[in-house]
Amino acid sequence: MWSIISVALYLILGPVVGGLLAGFDRKISARLQGRQGPPLLQPFYDLFKLFSKQSVVVNNVQDFLVCGFLVFIVFTGGLFFSGGDLLLVFFALTLAGIFYKSTGSFAVSDIIHSSVSNIAYLPGIFIGFLFILAIKFRKSPFDLSTSHHAHQEMVKGLTTELSGNILALVELSHWYENAFLLGVIGLFIINSNWWSFLIAVPVCIIAYFMEILVDNTFPRVKWEVMLKSTWLVTLVAGVINLMILSFIK
Amino acid sequence: MGVIAFLIILPFVAAFFLAFMKQQGKMRDYFIFTCCAVIVAAVLYFAVTNLINGESRSYILETHGLDTAILIGEFGLMGLVVYYGFHYKKYYVAFLSIAQTGLIAWLELFGKKIPEANHILSDKLTIMMCLIIGVVGCLICVYAVGYMKEYRAHHPEYKDRSAFFFAMLFVFLGAMFGLVFSNSLTWIYFFWEITSICSFLLIGYNQTQEAITNSIRALWMNLLGGLGFAVAIVYGTLVLNVADLHGLVTLGAGNEIAIIPVILLAFAGITKSAQFPFSGWLLGAMVAPTPTSALLHSATMVKAGVYLLIRLSPTFAGNLAGTMVTTIGGFTFFAASLLAISQSDGKKVLAYSTISNLGLITACAGVGMHEAVWAGVFLMMFHAVSKSLMFLSVGAVENSTGSRNIEDMHGLIVKLPGLAFVMIVGIAGMFLAPFGMLISKWAALKAFVDSNSLLLVVFLIFGSATTLFYWTKWLGKLVAVLHHSARLPNTVGKSEWFSLISQAILMISLCLTFPMVSTYIVEPFLSDMFHQTLPAIISSGNVNIMLMMLCAIVILPIAVRFLTFGKKNKIVMSYMGGANAGDDRNFIDAFGDSKPMYLANWYMEDYFGEKIILKPAIMLAAAGLIVMMVIAIGGAV
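Chains as they are written, first to last, in our numbering: chain Y, 1098 to 1346; chain E, 416 to 1052.
No lab work stands behind these hints, which were simulated from the structure alone. Wrong hints could be hidden among the right ones.
To be verified - Below, simulated DSSO-like cross-link-like pairs (lysine-lysine); rule was C-alpha separation at most 30 Å, straight line: (1) K504(E) to K574(E); (2) K888(E) to K1325(Y); (3) K564(E) to K909(E); (4) K1010(E) to K985(E); (5) K1010(E) to K1319(Y); (6) K505(E) to K1253(Y); (7) K1233(Y) to K1319(Y); (8) K983(E) to K1146(Y); (9) K1319(Y) to K564(E); (10) K564(E) to K763(E); (11) K888(E) to K1319(Y); (12) K830(E) to K985(E); (13) K1030(E) to K1325(Y); (14) K1253(Y) to K1010(E); (15) K1233(Y) to K1150(Y); (16) K1026(E) to K1325(Y); (17) K1026(E) to K505(E).
Claimed, not checked - Chain E is faced by these chain Y residues, among others (derived, beta-carbon under 8 Å): (18) S1149; (19) Q1151; (20) V1155; (21) N1156; (22) E1258; (23) M1340; (24) S1343.
Unchecked claim - One-sided excerpt, in silico: chain E residues whose CB lies under 8 Å from chain Y: (25) G733; (26) N984; (27) K985; (28) I986.
The structure presented is a predicted model; accordingly, all values stated were derived computationally and were not measured. Cβ coordinates follow ideal geometry from the N, Cα and C atoms, glycine included.
Based on the provided sequences and hints, a complete structural model is requested.
Written out as structure tokens, the structure reads:
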């Protein structure tokens, strides 16, 4: 029952949270750059406008692919918030093995019912995850032609040929994805005590703010640097963490 | 028992007749089709009756006559290798063969009396292997009928030896059946040697300098493994008094008495399944016609290696032999998937991906826990079908377009939609979410974490990431549409189509039925092998989720069709960085000339190229292998 409610909440609130985050993001970034910035709800106005535009496509397969993207992002998030199996949630298998290590289970519902927050066991993994988050949020220094900043607006990587409602769907998927990623941050904090939720929310917000700060402070790097540094950080922080864990457990 | 003998003997008989059917024609084609149909029918009959009857059976306790026949056969094989060794002036090959056959002959003729054991054993794993060999192997043979005709037309410079070629394909199938049914180590060894020599002959089919070099490499590497096998047999018989695989596994499970023969057999398995440092022979096997590669990579040969490792897996738990197998396997999985990124030749990507996947299976077998072996068996099954499908479709594309380079497959979905679809099914089977490989990887990761092998977890995580990368690149290339591309004429023959479509259907139905395969075949086999009842490996909730994903993929196109019904898309021209010349294929460059647009994949030669990774990987693996074998054997003596 509880899992159905949380999936429903995710489906409804996911885009709201994602959109609000985007709004804050633009506002804070503008202030950091000494500008006034758009109103908080600007991302929603943008989205509605995109939906109302004529759909202009290069070929019809785009519809299918973008819808698939949206469906699977929502599916992933839904699975996560229903307390499903983390390994299935992370198709790429990159993160999940790790949670299992500290709680003896891959199930999200089991992880949040452990008595101690996961971050106590997994600080290194948490750092590695924050590092990867910059890529997932499409933030500088790892934005690789996906940035939301003005210099990127005209020709923007994957979405160059998308417009109108299809672009809106991409945007919507990103909001769902961002909400889901923040949920993963929360997973590091939440345990069986109710007040851990109260800590998890500020931690998520702080993490997001840090990403905005980094976004505005660092210039974009080349993909080689991104590849090397990501592998290095995840390998060093993650593996050392796991090694210590396998000794103490 | 009758059907087992029939399955082993029939392919050899068929091969014998095929060797004399030099004339290409309807009669030979139909002969091959009939043989394949009979084999598939026999395999299905065998599988169904055995699944209904349940328990595993063993046959033939004492057969002096057959043992002698096999010994004579081994001398025959040795003669063949010695002849080729002298013919190509590679004397070390002859030496390797004489050494191992001499050992076995000495043991049988002058050594201790060989302890009694059943020579033939059939259990659930045998059934599964039979299905893989029979069904996938026969589909490859059917494909080869059409393929070889076109191959001859495309390559008139090679001498036509197709009679020999087909004969060898069937010998291969027969040897594989023999290998999976045998329990006596000497028998397994005999069939093992047949597959080594068969692959040598098939790789050298074209008789070019390159083909000969590569086939000799395949021969010596596999013979080296064979030598390990022979020493293991001699040691097992003389010291431990066991000469059958089942007995050895029972003896060696949970202790270190049998570690010397086990590690030698594992060494043989590693050479045959082309793990680093022995990956070279499988990469070289590409020079042969496509059905050879498909057969070597999917249904036979390399599967023999991992089959042996899976059989041995209870003896690997928690000892140095297991550490050796898992480390080599895990390392191979990672290194080969890195190397695959830098390749643009379709067959080469497939070869590296085979090595990489076999590495994962090897690692699973080496962990020696039931979860891991479960994953290994499933990986083996899914890999057999999807890899054969991939090879055959790449071969068909090569015959149609004249290139097997992935770069030339740009927009294949428009040019050759049928083949592109089949290829997409194959690629999806190799790495996408609800399909089999991913489920098996999921189970493998769980098992690695449970066995507390950190190194393997890291190999698996980083290896999976790179695997995802090179398959996605390929997939993207297939579905990328270049506007106004013309459809190419479909030149793929009927027998090839039949084979491709059957395998695509097989792939999809395997994805749908894998929980049943798990319940009725794999789990009973595991509880047999580990002598305990096992908990369900994959929970029903997760099965449901995967089925949901599969449904989502099927329903999605229909749903999108409905959602976009009546939606008016305004079609415009694509963005090209420069001004579109108006035909959607050319753009205007800085000098005002129009240039064709070209999209290329990214191969990152400077990071993942063969020049950079291959040599260190082989060195590292060789050093690790030698050190661990020396320590294990030295510690036990």
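How the hints compare with the structure:
About 22 Å separates the Cα atoms of K504(E) and K574(E), which keeps this hinted pair within 30 Å; it holds. Only pairs whose Cα atoms come within 30 Å are accepted, and K888(E) paired with K1325(Y) is accepted, the gap being roughly 20 Å. Restraint check: the Cα-Cα separation between K564(E) and K909(E) comes to about 12 Å, which is no more than 30 Å; the hinted pair holds. Between K1010(E) and K985(E), the direct Cα distance comes to roughly 26 Å. Compliance with the 30 Å bound is thereby established for this hinted pair.
Between K1010(E) and K1319(Y) the alpha-carbon distance is near 28 Å, which keeps this suggested pair within the 30 Å criterion. With a CA separation close to 59 Å, the supplied pair K505(E) and K1253(Y) exceeds the 30 Å bound. A threshold of 30 Å between alpha carbons decides the hint, and for K1233(Y) with K1319(Y) the separation of about 16 Å falls inside it, so the pair holds. A threshold of 30 Å between alpha carbons decides the hint, and for K983(E) with K1146(Y) the separation of about 17 Å falls inside it, so the pair holds.
With a C-alpha separation of about 50 Å, the suggested pairing of K1319(Y) with K564(E) is violated against the 30 Å cut-off. Distance check on the hinted pair: K564(E) and K763(E) sit about 24 Å apart at the alpha-carbon level, within 30 Å; holds. For the hint pairing K888(E) with K1319(Y), the CA-to-CA distance comes to about 20 Å; that is within 30 Å, so the pair holds. In summary, the hint linking K830(E) to K985(E) is supported, as the alpha carbons are separated by about 24 Å, within the 30 Å threshold.
Under the criterion of a C-alpha separation no larger than 30 Å, the hint pairing K1030(E) with K1325(Y) is consistent with the structure, at around 21 Å. With a C-alpha separation of about 23 Å, the suggested pair K1253(Y) and K1010(E) falls inside the 30 Å cut-off, and the hint holds. A threshold of 30 Å between alpha carbons decides the hint, and for K1233(Y) with K1150(Y) the separation of about 28 Å falls inside it, so the pair holds. Restraint check: the Cα-Cα separation between K1026(E) and K1325(Y) comes to about 19 Å, which is no more than 30 Å; the hinted pair holds.
For a cut-off of 30 Å, the pair hint linking K1026(E) to K505(E) stands: about 27 Å separates their Cα positions. Proximity of S1149(Y) to chain E is violated relative to the hint, the smallest CB-CB distance being about 13 Å (cut-off 8 Å). Annotation: Q1151(Y) was flagged as interfacial toward chain E, and the flag holds, the nearest CB pair being 6 Å apart, inside 8 Å. Annotation: V1155(Y) was flagged as interfacial toward chain E, and the flag holds, the nearest CB pair being 5 Å apart, inside 8 Å.
Hint on N1156(Y) holds. Least Cβ distance to chain E is approximately 6 Å, under the 8 Å limit. Because the beta carbon of E1258(Y) sits about 5 Å from the nearest beta carbon in chain E, less than 8 Å, this interface hint is met. Taking 8 Å as the C-beta contact cut-off toward chain E, the hint placing M1340(Y) at the interface holds, the least distance being around 6 Å. Hint status for S1343(Y) relative to chain E: holds, with the closest Cβ pair at about 6 Å, below 8 Å.
Interface restraint check: G733(E) against chain Y, minimum CB-CB distance 16 Å, threshold 8 Å, status violated. For N984(E), the interface hint holds, since its Cβ comes within 8 Å of a Cβ in chain Y; the closest pair sits about 5 Å apart. For K985(E), the interface hint holds, since its Cβ comes within 8 Å of a Cβ in chain Y; the closest pair sits about 5 Å apart. Hint status for I986(E) relative to chain Y: holds, with the closest Cβ pair at about 6 Å, below 8 Å.
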